[in-house]
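Q: Spelled out, the chains give:
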Amino acid sequence: MFNYLTRRVLLGLLTLLLITFVVYALIRHMPGTPLTLDQANMDPSKMLSPAEIERMNKQYGLDKPWYEAYFVWLSNVVRGDLGKSIPQNNRPVVRLILDRMPATLVLSVTSLVLTYLLSIPIGLWATVRSGTFAERSVSTILYMLYSLPAFVAALYLQLLFYSKLGWLPLFGMMSDNYETLSTAGRAWDIFQHALLPIVCFTYGSLAYYSRFIRANMQEVIRQDFIRTAKAKGVPGWSVIWHHAFRNTLIPLVTLIGLTLPSLLSGAVILEQIFAWPGMGRLFFEAIGQRDYDTVMGLVLMFSALTLLGQLLADVLYAVVDPRVSYQ
Amino acid sequence: MSTVDPTQQTEILNAGPPSGGFWSETWRNFRRRKLAMIALGFVIVLCLIALFAPVIVGTKPIVCKFKGRIYFPCMGYYVRSWENPVLRNARLPHHYPTRLKQLDPESWAIYPLVYQDPYWRVRADEWPGQPENPWGVRGAPNRWNWFGTDQQGFDVFAQMVHGTQIAMSVGFVSMSIAAVIGITIGALAGYFGGWIDMVLSRLIELVMCIPSLVLILALVAIMDNISNLHLMAVIGITSWTSIARLARAEFLKLKQMEFVTAARAIGASGPRIIFLHVLRNALAPVLVPITFGVAAAILIESGLSYLGFGASPPNPSWGTLLKMGRSAIEQMWWLIFFPGLAIFLTVLAYNLIGEGLQEATDPRLRQSAH
Chain A
1 MFNYLTRRVL LGLLTLLLIT FVVYALIRHM PGTPLTLDQA NMDPSKMLSP AEIERMNKQY
61 GLDKPWYEAY FVWLSNVVRG DLGKSIPQNN RPVVRLILDR MPATLVLSVT SLVLTYLLSI
121 PIGLWATVRS GTFAERSVST ILYMLYSLPA FVAALYLQLL FYSKLGWLPL FGMMSDNYET
181 LSTAGRAWDI FQHALLPIVC FTYGSLAYYS RFIRANMQEV IRQDFIRTAK AKGVPGWSVI
241 WHHAFRNTLI PLVTLIGLTL PSLLSGAVIL EQIFAWPGMG RLFFEAIGQR DYDTVMGLVL
301 MFSALTLLGQ LLADVLYAVV DPRVSYQ
Chain B
328 MSTVDPTQQT EILNAGPPSG GFWSETWRNF RRRKLAMIAL GFVIVLCLIA LFAPVIVGTK
388 PIVCKFKGRI YFPCMGYYVR SWENPVLRNA RLPHHYPTRL KQLDPESWAI YPLVYQDPYW
448 RVRADEWPGQ PENPWGVRGA PNRWNWFGTD QQGFDVFAQM VHGTQIAMSV GFVSMSIAAV
508 IGITIGALAG YFGGWIDMVL SRLIELVMCI PSLVLILALV AIMDNISNLH LMAVIGITSW
568 TSIARLARAE FLKLKQMEFV TAARAIGASG PRIIFLHVLR NALAPVLVPI TFGVAAAILI
628 ESGLSYLGFG ASPPNPSWGT LLKMGRSAIE QMWWLIFFPG LAIFLTVLAY NLIGEGLQEA
688 TDPRLRQSAH
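Line by line, the protein sequences are chains A and B. Quick note: the first sequence uses the numbering used here, first residue 1, plus one each step. Quick note: the second sequence uses the numbering used here, first residue 328, plus one each step.
Don't read these hints as lab results, they were simulated from the structure. We put the CB at the ideal spot given by N, CA and C, even for glycine. You may find that some hints are simply not true.
[Said to hold, decoys possible] Anything over 10 Å on all C-beta distances counts as not near chain B; from chain A, calculated:
1. 79
2. 164
3. 183
4. 224
5. 318
[Claimed, not checked] Chain A side only, calculated, beta carbon under 7 Å to chain B, not exhaustive:
6. 23
7. 29
8. 149
9. 152
10. 159
[To be verified] These stretches of chain B come out as covered by chain A in the derived footprint (C-beta under 8 Å, 3 or more residues):
11. 507-513
12. 531-538
13. 626-637
14. 641-654
15. 659-669
Next comes chain A alone, as it looks inside the complex (with noise of 0.2 Å):
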């Protein structure tokens, strides 16, 4: 186990050095950098003369080429040093992050946690009223949501209850009152902002988890150990939970380590559409300011929980089955 724990975590370092060097060259390689662009939205009586961008460029290293550049970087984040984020005042990076990373953890999480309370019983439920008429219809309206486009759902919703129905907020987090409200006031608020966002985090993953485990149920109970354990006289429901969901967790363990990277990567288009100031938005705002060190940052930390999460499925996999080992 440990010789394998760390090949893999080697290789891992090794991916993660080449995806860095990748993404470094792509994002160098963009028309503009922060300074031009920054620029670019501000009046002309605050232009940079040529010198002085001469100046800012050696000053922030940006006179370098981008191989060299890249392994500034790189020297630097090994000492713990993520950078500075030009187009926002030279705020480091870290604290950027660190910044967005509870809106969009409101989401996740909450997201997630719905998903299993809700995906178990409606799956187990598609299990045991298998080929019913109440089953079949759940099952097509899941299929059907699995298909629908995340982006879609949110504007369909945006219009039905911001437009027609005017119940909840169009966008952002919070009120612009936020800060008069009480205690109770400020959590109705949020609660409010994050309905929506929630709702469509959640509906897919859940329409795939549910057809996941209903799948994987469906394997299991037509197995001998199922009509042996119904033989002797077990109650249904403890066929179902004991003898059947039990030996589905295998396949559903893994897929927990999978979704790590999506805890903290946001939504993009998402969190545009609801003004979410989550990752996902700074993400892409990072990319349309050419700010270079909080992209990376941010690649960085996606791609080695991306790597990490299936490290830990691959690991998980091993640990709740007995029969896999790592020799």
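Put chain B on the given structure of chain A with help from the hints.
A: For chain B alone, coordinates are given in the frame of chain A:
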């Protein structure tokens, strides 16, 4: 030892329907699934709509006779220069129904089913009896503008019909690119194994781990003047990983089969075995991620158009309509409802086809179906 009576043997052989090849078997299994067949029909209809968009809705005649010659002005919707310069020099565009008769009383023309245009606002008296297009909040769906009009008074139905072209072609072209890259890399990795597999697997992992939006946005920004074709290429070269992984797994499995050994024994060359013998058997399972990929490509295209990184503005796209709708969400619901529905149905159809294919090619499910 029992011997089988020859007549009985033929009886056994004739018992079932004649077993066809792999593809006819797959098709037979696929055809049994009603929803998948409906979805396939829907996609075919969409392809026809995309192909014949200028015949369905447009302001240029499909065919007309002008000063003794036959022209096909609607071809101008495909490529601008295909609308004969003679017609453009006669200042006919925008005014076909009225000016054609003015300039040549002998002329005749056959018009598209709906007289509307995705690129300009139809004015009053362009078409006898048709009022000018309303714009902005007054452009709700009506008798003349079935799906309403946008901020500038362009017809939404016309934009959606012409936007089908980009949605369909993005799906097909980008997935063809992805399929070629994915199958090649997967085939090489799976067939040769060893260090080639090691290197190519790292490459697959690398592309999988880079957030696809970084890759797409960076590539889109690097080629600053983006056309639809660029967009398709970018989507294609960022979404081949799942195809490559599946192709690799299939090749790993198939290269150990007897027919490959047999082919090698008769001296077939490597490429011949890969492309002629193995690929043919691996293609049906690989079609599954390709079909799902088409749905994903359509989503990426509309998402990029929504973010404002799609094809350049005059080209109608479902995602661009959504973007316009989002900025006027309080009044102009029709700008969101219809394009959203189109995206949803198209993605649903491709997912259903993909699922049907998956079930039709999966040997485990195939046996249980019998």
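Q: Please write out, lowest number first, the hints stated earlier that are contradicted by the structure.
A: 2, 11
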